[in-house]
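Engineer: Sequence:
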Amino acid sequence: MVVEISNSVSSKFFENEDIETEFAESEVRAVSDTYPTIAWKRKVQASYDPQRDLFIPCELTEYRERILVVYYDAKEIVKHIQDRSLDTIIRRVIARAQTENSSVEFHVIILVDGYDQYLAKIRNEENKRYKARVLGQPSLGTLNHQLGEKELTVKDVESMVQETQIRLEVNIFPVRNGKEALTWLNSFTYTIAGRIYDKYERTSLGTLGTVRSGTGSRSTFVQSMRQFRFMTEPKAERLLEHYPSLSRICEQLNNHGTLGHRILTEKTSFRLSVNAANEGVVHVQRS
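Using the UniProt record's numbering, you'd call the opening residue of the sequence shown number 1 and step up by one each time.
Check before you lean on any hint, since a few could be wrong.
[Said to hold, decoys possible] Derived DSS-like pairs: lysine-lysine, alpha-carbon spacing no greater than 30 Å straight-line:
#1 128 x 43
#2 179 x 75
#3 128 x 75
#4 179 x 41
#5 131 x 79
#6 75 x 43
#7 43 x 79
[Said to hold, decoys possible] Cβ pair distances, simulated, as ranges:
#8 244 x 184: 20 to 28 Å
#9 180 x 88: 26 to 34 Å
#10 104 x 230: 21 to 29 Å
Source of the hints: derived by calculation from the structure; they are not laboratory data. Think of the CB as a built atom: it goes at the ideal place given N, C-alpha and C, for glycine as much as any other residue.
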């Protein structure tokens with residue numbers, strides 16, 4: 001994976017040593033960017049075709065991942081939310097990424113540096129103003145309010161952040177500082193690198209557990225049958241005596257709906273059958 005970090009982010013929030021430590025297993029590129037962005041590219045030698053569900057070999061190529069990160073400190077992000085300039089920033093960041101790959105639906109994550117500390121500071125100011133009102137003393141906040149400057153409350157900031165996430169369809173995550181952000185980004189890099197391309201097609205396979213494979217036709221058949229629940233190696237070998245290939249099993253099930261044979265053990269028997277509501281789906285049942 002290639003991690004692209006804009007100079008405006010690295011110079012303001014990160015130390016070079018911390019970047020090298022966190023991304024020791026990834027390639028980091030410094031890029032010049034108008035906006036404080038972080039993005040990923042994947043180096044591939046095979047492109048995935050979702051229509052045919054296969055990988056096609058190709059020359060070494062870099063594909064931009066669909067996740068884009070924008071990094072601001074808390075005070076900046078609140079300002080951009082208030083004046084609606086964040087809308088323009090998000091729109092331009094996505095538009096620029098789409099020039100490389102117009103078919104991808106990009107998603108933006110906003111990292112906010114020092115968000116909790118910023119809220120704590122506002123909360124302290126609220127407490128000071130409340131105390132001044134109780135004691136009947138004027139405060140700097142009161143003077144600012146008289147001059148027309150609106151005082152933000154913690155509730156105001158939290159409400160703006162929530163509304164922005166919904167309106168712009170982005171995710172906003174707080175981090176304490178640059179080091180925590182690098183740890184988060186490194187972990188997220190592994191998540192992106194390990195993602196499955198056709199997630200909607202293959203999600204159900206996550207329940208299979210350990211996928212077994214064989215070294216020959218016989219062992220491949222046995223290990224394939226062991227993917228079924230309750231199917232052990234002796235039972236699979238007994239089944240092989242009646243049906244020497246997976247295609248024979250499929251043919252029998254499609255034509256008759258059952259294999260017509262029981263795989264017996266000393267204590268339990270099992271029966272393979274096809275699901276009438278979903279042809280081609282084979283079940284192993286305890287009987």
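Engineer: Determine for every hint whether it applies to the structure shown.
Structural biologist: Hints versus structure:
1. Using a Cα cut-off of 30 Å, the hinted pair residue 128 and residue 43 is violated, with the two alpha carbons roughly 54 Å apart.
2. For the hint pairing residue 179 with residue 75, the CA-to-CA distance comes to about 19 Å; that is within 30 Å, so the pair holds.
3. In summary, the hint linking residue 128 to residue 75 is supported, as the alpha carbons are separated by about 20 Å, within the 30 Å threshold.
4. Taking the CA atoms of residue 179 and residue 41, the gap is about 22 Å. The hint holds against a cut of 30 Å.
5. The suggested pairing of residue 131 with residue 79 holds, with an alpha-carbon distance near 27 Å, which does not exceed 30 Å.
6. Distance hint between residue 75 and residue 43 is unfulfilled; the C-alpha atoms sit about 36 Å from each other, more than 30 Å.
7. Between the alpha carbons of residue 43 and residue 79 the distance comes to roughly 37 Å, so the proposed pair goes past 30 Å and is violated.
8. Between residue 244 and residue 184 the beta carbon distance is about 53 Å. The supplied range of 20 to 28 Å is therefore violated.
9. Look at residue 180 against residue 88: about 28 Å separates their beta carbons, and that is inside 26 to 34 Å.
10. Restraint check, residue 104 to residue 230: a C-beta distance of roughly 43 Å breaks the suggested window 21 to 29 Å.
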